[in-house]
Amino acid sequence: MKKLIVVLLVCIPMGVQAQTAKEIIKKVDDKMQGNSNRSVMRMTIVRPDWKREVTMKGWSLGRQYSLILITAPARDKGQAFLKRHTEMWNWQPSIDRVIKLPPSMMLQSWMGSDFTNDDLVKESSVVEDYIHTLKQDTTIGGRVAYQIEMIPRPDAAVVWGKVTVFVDKAELNQLLVRYYDEDGSLVNTMVLSDIKPIGGRVLPCRLEMIPSDNPKQKTVIEYLDLEFDLNLEEDFFSMQNMKRVR
Amino acid sequence: MVLLFQIPEDKMFAKVALILLLLPTTMLSAQDETDKPRKFTMKGYLKEMASFNYFGDSLLLQNLVHSRLNFAWYANAEFTVYAEFRTRLITGDLVREIPNYSAYIDSNNDYFDLSVNLIDNKTALLNAMADRLFIQWIHNNWEIKAGRQRINWGVNLAWNPNDWFNAYSFFDFDYEERPGADALRISYYTGVASSVEVAAKMAKDVDHFVGASMWRLNKYDYDIQFLGGLVQGDAALGTGWAGNLGKAGFKGELTYFHKVVNTQFNSAYNNMFLGAFSVDYAFPSSLYFNGSLMYNSQGSLHPDFGFELVALRPGTVRDLSPYTWSTFIQSAYQVTPLFYASLALIGYPGGDTFFVNPALTISVLQNLDVDLIGQLFYGEDQTGHFGSLLKAAYIRVKWSF
Chain B
217 MKKLIVVLLV
227 CIPMGVQAQT
237 AKEIIKKVDD
247 KMQGNSNRSV
257 MRMTIVRPDW
267 KREVTMKGWS
277 LGRQYSLILI
287 TAPARDKGQA
297 FLKRHTEMWN
307 WQPSIDRVIK
317 LPPSMMLQSW
327 MGSDFTNDDL
337 VKESSVVEDY
347 IHTLKQDTTI
357 GGRVAYQIEM
367 IPRPDAAVVW
377 GKVTVFVDKA
387 ELNQLLVRYY
397 DEDGSLVNTM
407 VLSDIKPIGG
417 RVLPCRLEMI
427 PSDNPKQKTV
437 IEYLDLEFDL
447 NLEEDFFSMQ
457 NMKRVR
Chain E
1176 MVLLFQIPED
1186 KMFAKVALIL
1196 LLLPTTMLSA
1206 QDETDKPRKF
1216 TMKGYLKEMA
1226 SFNYFGDSLL
1236 LQNLVHSRLN
1246 FAWYANAEFT
1256 VYAEFRTRLI
1266 TGDLVREIPN
1276 YSAYIDSNND
1286 YFDLSVNLID
1296 NKTALLNAMA
1306 DRLFIQWIHN
1316 NWEIKAGRQR
1326 INWGVNLAWN
1336 PNDWFNAYSF
1346 FDFDYEERPG
1356 ADALRISYYT
1366 GVASSVEVAA
1376 KMAKDVDHFV
1386 GASMWRLNKY
1396 DYDIQFLGGL
1406 VQGDAALGTG
1416 WAGNLGKAGF
1426 KGELTYFHKV
1436 VNTQFNSAYN
1446 NMFLGAFSVD
1456 YAFPSSLYFN
1466 GSLMYNSQGS
1476 LHPDFGFELV
1486 ALRPGTVRDL
1496 SPYTWSTFIQ
1506 SAYQVTPLFY
1516 ASLALIGYPG
1526 GDTFFVNPAL
1536 TISVLQNLDV
1546 DLIGQLFYGE
1556 DQTGHFGSLL
1566 KAAYIRVKWS
1576 F
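Each protein sequence line maps, in turn, to chains B and E. What the first sequence shows, in our numbering, is residues 217 to 462, in sequence order. What the second sequence shows, in our numbering, is residues 1176 to 1576, in sequence order.
Don't read these hints as lab results, they were simulated from the structure. It should be emphasised that the depicted structure is a prediction, and the values quoted were computed from it without experimental measurement. Each hint should be verified, as a subset may be incorrect.
Footprint (simulated), chain E over chain B, 3 or more residues, beta carbon under 8 Å [to be verified]:
#, segment
1, 257-268
2, 308-316
3, 448-461
Straight-line alpha carbon distances no greater than 30 Å define the calculated DSS-like cross-link-like pairs of lysine-lysine that follow [unchecked claim]:
#, chain 1, residue 1, chain 2, residue 2
4, E, K1222, B, K273
5, B, K247, B, K412
6, E, K1422, B, K459
7, B, K378, E, K1422
8, B, K459, E, K1218
9, B, K459, E, K1222
10, B, K273, E, K1218
For each residue, glycine too, the CB sits at the ideal point set by N, CA and C.
Generate coordinates for the entire structure from the input sequences, incorporating the hints supplied.
Have a look at this one:
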């Protein structure tokens, strides 16, 4: 009898109740972020007639700290961006200057791409800043997926009116994300693909952001290298390190 | 290559400089695709700029070929050597018409003379200089830099009263890296966003000596700095900050100079106060605004030939503006990822002068940009007539590598 109660206690939260939408998003987010990570990324802005590339190295710890070093193009190489909590700085080595960026810059497009600064340094939290609802399951590219609707909390610094996320049930990876404005119109669609082992996990290594008013254009982020759960401390994300990382 | 035979024979530096000018065409394969940091890095650019200068009705043309080479040698985890070279080949009417133009171009020196005019005649001017040449030593939270370096203590975009070591002019847009100073600089980082710095500039006399220290801290989401020192004969005190007003950025710099020793820079005053504030804001559409205001207690509402002074490169931080009040508004907009447009206006309340600066940057290829830039100066001329003093248009092609 005693044994049975123990078994029940252990089982109830996991077995009897299905995962809540918020739990799923948290797991997906934790898997993609890790507690800390180091990445090498290439961002390509693609338009019908041309494309431009930016490559960068990034370090992050939780949601509060991140550091990005631009490694190409030549014009911007060596510039770095540091984010600590709500503060953000830009290091310009050519003129020996640290520029403190105003908070309004967070929602600006990242280097002219279809991503915003916020997408890159993740000021807002997909877990904490939204109310999540589980919708009808669906299938994407042969994978059975959860469909989760996310509505921003009233006080959250989020530009979207609604975000719909499709998550692979088997691997707990995002497959598709749709971003809507406050009037309910679709603004951006993010397609995640090239799912493969990287940094000891199985993750989508290619993220394509496609604006719906201009489906011929997109911005692609590719993870070229990814490592998780490094021994990064909070003080790694400092002014001195912003100037020193290579 | 044509230039080779004109090099003065006794100048070793000249030969080195010429090699540096020609280097970019031969060292282009040095692009790193791997993500491992390299021990030796080289980057830079080659720019070609044509300028059209209208002084009243007369048009003066100038052509500038401008190369920059930045070398860094990461000797080990603690020592790095930086050497950066700027080479300019200038031809056209300004070289021919303006008296002492070659001396003006060759003047960007600090204690050590690291600039040389390799060609200096009425047809062409070739100047080569090293504006960064320093060794950096890093150990934990310590950082020491010795040699020609840029010591940037300013926080604003347009005017920097805290920039005591190496003032620069907003009008000098083609000098993106801005001048350096021959100095020793010791920094200790007391935290993740705080530090103490001491810096001293080499000088042959007190007129040119700058020695100062700065304490930088981060509190209530503000970067705050306090400065003190001896600046070209003045006891100097200053403070600066960078923080937010709501979603907007709010920055400021204040400097107070009190004459201690009479020097060529402070002979006209006993005390001087310089202050500059700026507010900037970026809309989600990428439209960006910056508004700045500067005050100079020794300025004048109607300085004699103020605009001529404004347009020249500042000798020290005291020369940022000869006007009592100076205002700056800039808006910039990323039209598409390929087109970046901006418009800056500088006005002097109480005075009758203003400056208009439209600019468009076009990304033609991944590493090739074209800039179209206008600089329009309006004001009273020497006879008291209001009108355009100088209208300049620039077309610049920049290839970065």
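Now for the hints, and whether the structure bears them out:
{"no.": "1", "hint": "257-268", "verdict": "holds (count 4)"}
{"no.": "2", "hint": "308-316", "verdict": "holds (count 7)"}
{"no.": "3", "hint": "448-461", "verdict": "holds (count 7)"}
{"no.": "4", "hint": "E/K1222 with B/K273", "verdict": "28 Å, holds"}
{"no.": "5", "hint": "B/K247 with B/K412", "verdict": "13 Å, holds"}
{"no.": "6", "hint": "E/K1422 with B/K459", "verdict": "26 Å, holds"}
{"no.": "7", "hint": "B/K378 with E/K1422", "verdict": "23 Å, holds"}
{"no.": "8", "hint": "B/K459 with E/K1218", "verdict": "17 Å, holds"}
{"no.": "9", "hint": "B/K459 with E/K1222", "verdict": "27 Å, holds"}
{"no.": "10", "hint": "B/K273 with E/K1218", "verdict": "18 Å, holds"}
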